[in-house]
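Chemist: Sequence order for the protein chains is S and W. Be aware that the first sequence starts at 1, since it is given in this note's numbering, and climbs by one per residue. Be aware that the second sequence starts at 1001, since it is given in this note's numbering, and climbs by one per residue.
Since the hints were derived computationally from the structure, they do not count as laboratory data. Errors might be hidden in some of the hints.
What the hints assert, rightly or not - Here are the computed lysine-lysine pairs in the PhoX-like style, where the Cα-Cα straight-line distance is at most 25 Å:
no., chain 1, residue 1, chain 2, residue 2
1, W, LYS1451, W, LYS1234
2, S, LYS145, W, LYS1057
3, W, LYS1054, S, LYS134
4, S, LYS234, S, LYS451
5, S, LYS331, W, LYS1054
6, S, LYS57, W, LYS1145
7, S, LYS336, S, LYS259
8, S, LYS336, W, LYS1054
9, W, LYS1145, W, LYS1057
10, W, LYS1234, S, LYS47
11, W, LYS1054, W, LYS1208
12, S, LYS296, W, LYS1234
Stated by the list, open to error - Just some of the chain S residues that point at chain W, by a computed CB distance under 7 Å:
no., residue
13, TYR337
14, ILE463
15, PRO464
If you're wondering where the values come from, they're calculated on a predicted model, not measured in any experiment. Glycine included, every Cβ here is placed at the ideal spot set by N, Cα and C.
2 protein chains.
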Amino acid sequence: MGKNLTSRAEDYSKWYNELVVKSDLAENSGVRGCMVIKPYGYAIWEKMQAQLDKMFKETGHENAYFPLFIPKSYLSKEASHVEGFAKECAVVTHYRLKNAEDGSGIVVDEDAKLEEELIVRPTSETIIWDTYRKWIQSYRDLPLKINQWANVVRWEMRTRLFLRTAEFLWQEGHTAHATREEAIEEAELMMHVYAEFVENYMGVPVIKGTKTASERFAGAEETYCIEALMQDGKALQAGTSHFLGQNFAKAFDVKFATKEGGQEYVWATSWGVSTRLMGALVMTHSDDNGLVLPPKLAPIQVVIVPIYKGMDQLDAISEKVEPLVMQLRAKGISVKYDNRDTHKPGFKFNEYELKGVPVRLAIGQRDLENGTYEVARRDTLEKESVSAAEIVGKVEALLEDIQRNVYQKAIDYRAEHITRVDSYEEFKKVIEEKGGFVSAHWDGTPETEDKIKEETKATIRCIPLHEEQEEGTCMVTGKPSLQRVLFAKAY
Amino acid sequence: MGKNLTSRAEDYSKWYNELVVKSDLAENSGVRGCMVIKPYGYAIWEKMQAQLDKMFKETGHENAYFPLFIPKSYLSKEASHVEGFAKECAVVTHYRLKNAEDGSGIVVDEDAKLEEELIVRPTSETIIWDTYRKWIQSYRDLPLKINQWANVVRWEMRTRLFLRTAEFLWQEGHTAHATREEAIEEAELMMHVYAEFVENYMGVPVIKGTKTASERFAGAEETYCIEALMQDGKALQAGTSHFLGQNFAKAFDVKFATKEGGQEYVWATSWGVSTRLMGALVMTHSDDNGLVLPPKLAPIQVVIVPIYKGMDQLDAISEKVEPLVMQLRAKGISVKYDNRDTHKPGFKFNEYELKGVPVRLAIGQRDLENGTYEVARRDTLEKESVSAAEIVGKVEALLEDIQRNVYQKAIDYRAEHITRVDSYEEFKKVIEEKGGFVSAHWDGTPETEDKIKEETKATIRCIPLHEEQEEGTCMVTGKPSLQRVLFAKAY
Chain S
1 MGKNLTSRAE DYSKWYNELV VKSDLAENSG VRGCMVIKPY GYAIWEKMQA
51 QLDKMFKETG HENAYFPLFI PKSYLSKEAS HVEGFAKECA VVTHYRLKNA
101 EDGSGIVVDE DAKLEEELIV RPTSETIIWD TYRKWIQSYR DLPLKINQWA
151 NVVRWEMRTR LFLRTAEFLW QEGHTAHATR EEAIEEAELM MHVYAEFVEN
201 YMGVPVIKGT KTASERFAGA EETYCIEALM QDGKALQAGT SHFLGQNFAK
251 AFDVKFATKE GGQEYVWATS WGVSTRLMGA LVMTHSDDNG LVLPPKLAPI
301 QVVIVPIYKG MDQLDAISEK VEPLVMQLRA KGISVKYDNR DTHKPGFKFN
351 EYELKGVPVR LAIGQRDLEN GTYEVARRDT LEKESVSAAE IVGKVEALLE
401 DIQRNVYQKA IDYRAEHITR VDSYEEFKKV IEEKGGFVSA HWDGTPETED
451 KIKEETKATI RCIPLHEEQE EGTCMVTGKP SLQRVLFAKA Y
Chain W
1001 MGKNLTSRAE DYSKWYNELV VKSDLAENSG VRGCMVIKPY GYAIWEKMQA
1051 QLDKMFKETG HENAYFPLFI PKSYLSKEAS HVEGFAKECA VVTHYRLKNA
1101 EDGSGIVVDE DAKLEEELIV RPTSETIIWD TYRKWIQSYR DLPLKINQWA
1151 NVVRWEMRTR LFLRTAEFLW QEGHTAHATR EEAIEEAELM MHVYAEFVEN
1201 YMGVPVIKGT KTASERFAGA EETYCIEALM QDGKALQAGT SHFLGQNFAK
1251 AFDVKFATKE GGQEYVWATS WGVSTRLMGA LVMTHSDDNG LVLPPKLAPI
1301 QVVIVPIYKG MDQLDAISEK VEPLVMQLRA KGISVKYDNR DTHKPGFKFN
1351 EYELKGVPVR LAIGQRDLEN GTYEVARRDT LEKESVSAAE IVGKVEALLE
1401 DIQRNVYQKA IDYRAEHITR VDSYEEFKKV IEEKGGFVSA HWDGTPETED
1451 KIKEETKATI RCIPLHEEQE EGTCMVTGKP SLQRVLFAKA Y
């Protein structure tokens, strides 16, 4: 199997599309804009889910499940929310099909028209806050910290596997609090939880910050985000956490009796990450040979390929390998011993390289005689010979080192792609020629933000947290600015 | 908190509805027929999922994810399939809302009408077999054994929490095989896997069998099922596994190159269990005091309630309890120490009884002095005093014993509610007065089956596997019959 993968330099976008399909992560379905997540891709998503779910529970959240459908009237209750989602939602209008009277096939049964249309959830604030009204009466019922794993639909016109699909999988946290401060604390906490996951498990460094008013979630008072940088110099929003103020509580009339005996509207947050993270994972680490997966999320961490002629040699190899497989599994390492006799070693090497398996062991006749394995690491493609006695320790060390290395490589790449500029000319040049994040002063107005976006396609990715205050002047208008913000072209 | 629960004897159906809501498992949402699964209910479902998922993986299945939407034309490709599902499906016809021109609010944008309507999946055979066509070329690609965890929608007119809802959560396995025999073996295997789960984890005994032609899944050649019996004498289908023959392969043109160089249609199975199992769990074990949960699926296995006056006593108790909590958790037991000072012990006792927590420990001043705990088991409501030194072992033993006991109780109930009858008169009397399963001879025709159903509301739940052959005559028509089948009224 040749990989026949377009190189990143040649066409980054094409490279990505081909890689996702060829490495068996996902493919387009017969339904416009909807993807099929294939077993290998889903196995990575399951690992992400398991870790995130653990982190949510450790921070006091519980899972629940709310309806797929949202009555049209619910969506309309929060003004900016409906503004944000009405333009791209799938609408259920009927609940039955029937045989056409003219025999032309199956048609919608007009007698089964819904009184009120249902929207397939694009996000669940409205249906959840309609429910919270019943659950929250008193300060004793707060905080309420719930997460949901679900599918959502946003009818995008231009779609790309994982990055932008009509249907995608995600989790959405929805919390309710007695005070503004506590809700803000929660929204910030979840941004940090996301950052910890994305950095420590996905090996993708992120910048934490807040969105400008025009980039905020529809219905939020503040949107916290984590922004990552892809190898083509474009940014990708990896997760968002919203402080919703009392907007949804007011829209759905959710009040609570305070300790002091008053009645107050509840404070809210929501936060989510989606299968989009799969796109970030692929685009951050992979190379022209295929996927490079961080060991913590690799469905197969170690593959063992026997190199043999004839069944006797294979048997002798298997006798060595099988106890090793057991030893590695006992350490919690996921191992595949690929002894298929339908495919040659070279084919297998290619396949596991394409699929980003972090560590590959090969063992042939000479290794058998010498008591060695050939060990190859996917991230650097380096190979070495390691004695069987040391192999378990070597594999453990390698997995840790690869996890560290892919992260460090991404950090280094990003460090080289954050440019500070002080003039709009310079800004345009960097955005056009080099890409990456550009740190610049901005006057804080949506007008300037729009102008920059229109002229350069770059948007403000975030107002970084903990960025030092620095007096300056907006690169476009020359008006005063107290802090640099981060611009980039983005996915 | 009084429980105010209707008793089973008074009104079984009302008891169930009240119990599901009051024990915080689920509730109806603002969307007709769609439920909200609350955190406590979802925690049980998560435990079910985790165990089933493990069993699926151990039997060689992988997870994947397919689109929520099914183009109308796909549904129509398999004749009996569309017949079965067209009458109850949610249809997406538009992909945008807009502001009404007369200012009356948000309306469907008629300019955004889909060329082809999309059905919200009622089950995924069609979209999956459309995908399998691309994945299967050769016998080397077989078997293909995939499972999906997903939400599905069937527009039911009369709904009940968990038992029958418009949207529900489930898993659906879809496998492809090179031979008829292998597919049948798979369908049977999954029936056994389901039975093992339902009996050993849910503590619900089931009868394995096959469905009659008229009760089969729309598109199946054989439907294997597991049937459980509820405390009101009605049966509940707990899981089904279908041998689909080559029906979907033919409808979606999925052929493979055989080892011998020919081309053949692929053989298929599908199998699923859903959140309906939650209903079976509740209805099998629970009593007039609330839920009774089998320890293996209880989100909280042990609750510890302190009985104290003043903070000094609470501190002294907590000093004892906290190490115990650690010890129990180290054994993998989920423990809640409820030291809330907002609620009295009696309230807490009631609450955990209602929620079916298997073991309750209480500790007060006198226990502290005597070095004891009061131990109560939820299934029998028995209480005893146990010394602190023996408490860990006691709790472990109790959890095992409760798991065994609730299962045995359900087996005993069922044994008392399987009646063999030889005349239709007797049949009608048993169905009417006693309920339960009725084992009787039937002539094998759908006409007789329909007549019985119409006259008694009883259906053939299954043709039991491994039932001994026994020559007899149909209780209705007197025609010859070789095997008894199981009738019951059913959910």
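Chemist: Quick check: which numbered hints come out false for this structure?
Modeler: Structure breaks hints 2, 3, 6, 7, 10, 12, 13, 14, 15.
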